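Given the coordinates of chain A, work out where chain B should sit on it, guided by the hints.
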Amino acid sequence: MKQYQLAVIGAGPAGMAAATEASRQGLSVIVLDEQAQPGGQIYRAIEQASPQRLAVLGADYAKGSALAAGFRASGADYLPSTLLWNAERKDGHFLLDLSTGAGSRRISASRLLVATGAVERPVPVPGWTLPGVTTAGALQILLKAHGGVAQSAVLAGAGPLLLLLAQQMIAAGVAPRAVVEIGPANRLRRALPFLPRALAGWRYLVKGAGMLRALRQAGVAWYQGASGFWIEGSGEATAVHFEIAGEAHRIECSQVALHMGVVPNPQLTRMLRCEHDWHPTQQAFVPRTDVFFETSEAGVFVAGDGAGIGGAASAVLRGQLVALRIAALEGVRGAEARIPAIRRRLKRDAAVRPFLEALYAPAEEVLNPTDTTLVCRCEEVTAGAIRQAVAGGAPGPNQLKAFLRCGMGPCQGRTCGPAVTALVARTRGVSEAEAGYFRVRPPLKPLPLSELADIAED
Amino acid sequence: MEDLGTRELVIAGGGLVGMAVGVGALSLGASVLAFDAGDTSLRASRGNFGLIWGQSKGARGRDYAAWTQRAIAAWPAFQDEIRELTGIDTGLRTGAGLHLCLSEEEFDARSRLIQKIAGYGFPDNDARMIRRDEVRSLLPGIGPDVVGASFSTQDGDCHSLALYRGLAEAYSRLGGALKTAQPVLGITPSGSGYRVTTPEFSVWSPRVLIAAGLGTNALARPFGFPDVVIGQRGQILVTERLQPFLDVVTSGLRQLPEGTVLIGDTKEEGEHDRATSSGISYLARRAARAFPAIAHARVVRAWAALRVLTPDGDPVYDESPTHPGIFVASTHSGVTLASAHRGPLAHWLMGGQRPPEFAAFSARRFT
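Just so you know, the sequences run in chain order A and B.
Each residue of the first sequence is one higher than the one before, counting from 1 in the working numbering.
Each residue of the second sequence is one higher than the one before, counting from 1001 in the working numbering.
It should be emphasised that the hints constitute simulated quantities derived from the structure, not laboratory data.
Owing to the predicted nature of the structure, the values given are computational and were not obtained by experimental measurement.
Every residue, glycine too, gets a C-beta built ideally from N, C-alpha and C.
Please note that the accuracy of each hint is not assured.
[Said to hold, decoys possible] Quick partial rundown of chain B residues pointing at chain A, CB under 7 Å, derived from the structure: (1) THR1040; (2) ARG1173; (3) ARG1301.
[What the hints assert, rightly or not] Distance condition first, Cα-Cα at most 30 Å in a straight line; then the derived DSSO-like pairs of lysine-lysine: (4) LYS2/A with LYS445/A; (5) LYS1267/B with LYS445/A; (6) LYS207/A with LYS90/A; (7) LYS347/A with LYS445/A; (8) LYS1267/B with LYS1116/B; (9) LYS90/A with LYS1116/B.
Chain A on its own, in the form it takes in the complex:
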């Protein structure tokens, strides 16, 4: 079994930067990633992007090219199309079980870096399970990987990705039908107190203004302060409905992309039983770490959006910081000298975050859906059933699983987890921290039984 000093899970900006830096420091490094090419979600398919597609997707996307090239040249071992399905401690090391598409294999590493990024928050609105409804992220993947663009789409929810996607669709020549911001009408006013501090991150604000300008110039209808949002359709989505200031709206469409921000991908850190804290302004659980991004589980580090949403630039910096820290722990002299400078840049890059978090706080109606709205799609469990089970004595998501099979289907709660926590907290009248989160068990994703039978017995 091959032994490494560092195993990096995820080849997005944090993972690529960490692997590149750690290799430069002389560590033996392996990177595991589910995708066929490096880039993660944000730089998905970056190595094949044509100049034309780079133009559509914008300058920030193009930044991934250099990162991927540096990673390719770093000398780190790299296993693409590989799923880490379990990780266990043994004799001071981590044993990692990998599914490579050609059976399972096992490697060992002294330290782990979880760089699995963010996932989109579920947006349980009536009709969200209809064909034709996707997440904004899924629509953007089409654009990045295939250049495909949805016709007659409504983008609904809140968050920078929603506007970025609209801008990219406009650049690709197929403007969305409308952008509908769900939530309070006074988002900007709520966020204004955080604006002065955000000015240190003025580049992000300029970028945001550019998105809005693109929307306006293309004549895309932009609705703000929508509530009571639902999707009409029998068989497939045909229209969206919502209200603004008491006035009912209906927009016909063939595609709906929902988005209500992103949260740290909890699967691996939860499976490793790292402690998590509730981040009230990000409205998400974040792994508890020290200043070097080491979690409560010694030897397990987390960087990138998985350590709290910070965006791609911060992800790179966090990845570098972790790599330098681990190099220092492995005895590389002077490795930590650059860390203070990285910290300063991280601080500057994060200046805009409180403003964005206030501006794009998730709408209460998706955190506390109506009784008939499905929350767990796999097992078809409604918000009403969850409320009833909580009232009947289920204190949290894990007891709900036992009582309702909620989160027990093929996705194992990957989709509904944040929604279930939010609903339990609101029903019980307790904090999300007290409501808790699903226990995550191996295998991290479904795998054929034959493959699990295949691993060597110790």
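Structure of chain B alone, referenced to chain A:
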């Protein structure tokens, strides 16, 4: 801290045992309050494989076999009661329960166990060993490694999560109070009874049942009980939903009505309840040997829980030798025995006759 007044029975533990006893006590007219711990506490009730199983119970002595026989006989009426109270179907399915043997050694060992239990002479226990050909007539899909099985028409399974939920709901329909996320912190003598305290509540009762699974030892120790439970890790694999292919129940693999297949279970030293790669792989290999076609099914999760096992595997139902009114109930067979917990156990706790088998289930055997 809120004082909840007095109750005729207070139960520490809202799992399968506590809720079944609670339902029984409530139907005798008693006022009952149960405290249950938090969402991520070690809950054997969530990790149960869901068998209704008699053929292998009683290796140590006749009483466990007798108690199990009683429970299985009472199950259909118990299921009806839960359904009438809550509308929840616990899915009892008996008629063919098999334990597959994958080698001659396994077959011989199993054969000795089945013979010993058959020797007790319970009329409903028709367990016997059958050879490969007979197994295949019941289960056409078995693999070449299956040499035989033990077989009983008395055994089968139920929907154990529906049972758990059904009990909790029946308990509340009958007027039982359940306080969740309230682990019992202390039980202290007070007058002619006991005061039970949790982080937020306190209540007084002449009778306290400790049915707190792996939390039992700590709560029972002050009342003259030896340690009665040890954790034993059991792991289960769960597949995606498959077309129905298995209408009989085997002890290590069964298909639920919704189509998922449960594969179990390991017996490991239990210091934690995490699923392990070696446990997962062991189960996967055995399942693929028993039913080669299942090798292609996708496993959606592994599940690990700590069994609430007594040192000799038989249950403990006992009253404190020093403090009358403090009871302990502990068993790893909370599904099969649920009907007996609802019936004779609850009856005894509320002042009824002590079931004759209980002499053998005293905690004193571990002192």
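Against the structure, the hints:
1. Checking THR1040/B against chain A by beta carbon gives a least distance of about 6 Å; that is within 7 Å, so the hint holds.
2. Because the closest C-beta pair between ARG1173/B and chain A is about 10 Å apart, greater than 7 Å, the hint is violated.
3. For the restraint placing ARG1301/B at the interface with chain A, the shortest Cβ-Cβ distance is roughly 5 Å, inside the 7 Å limit, so the hint holds.
4. Using a Cα cut-off of 30 Å, the hinted pair LYS2/A and LYS445/A holds, with the two alpha carbons roughly 24 Å apart.
5. Straight-line distance between C-alpha atoms of LYS1267/B and LYS445/A comes to about 25 Å, which keeps the hinted pair within the 30 Å bound.
6. Note on LYS207/A and LYS90/A: the hinted pairing is violated, with a Cα-Cα distance of about 47 Å set against a maximum of 30 Å.
7. The suggested pairing of LYS347/A with LYS445/A is violated, with an alpha-carbon distance near 35 Å, which exceeds 30 Å.
8. A distance of roughly 22 Å separates the Cα atoms of LYS1267/B and LYS1116/B; the hinted pair therefore holds under the 30 Å criterion.
9. Straight-line distance between C-alpha atoms of LYS90/A and LYS1116/B comes to about 41 Å, which puts the hinted pair past the 30 Å bound.
Violated hints for the displayed structure, listed by number in ascending order: 2, 6, 7, 9.
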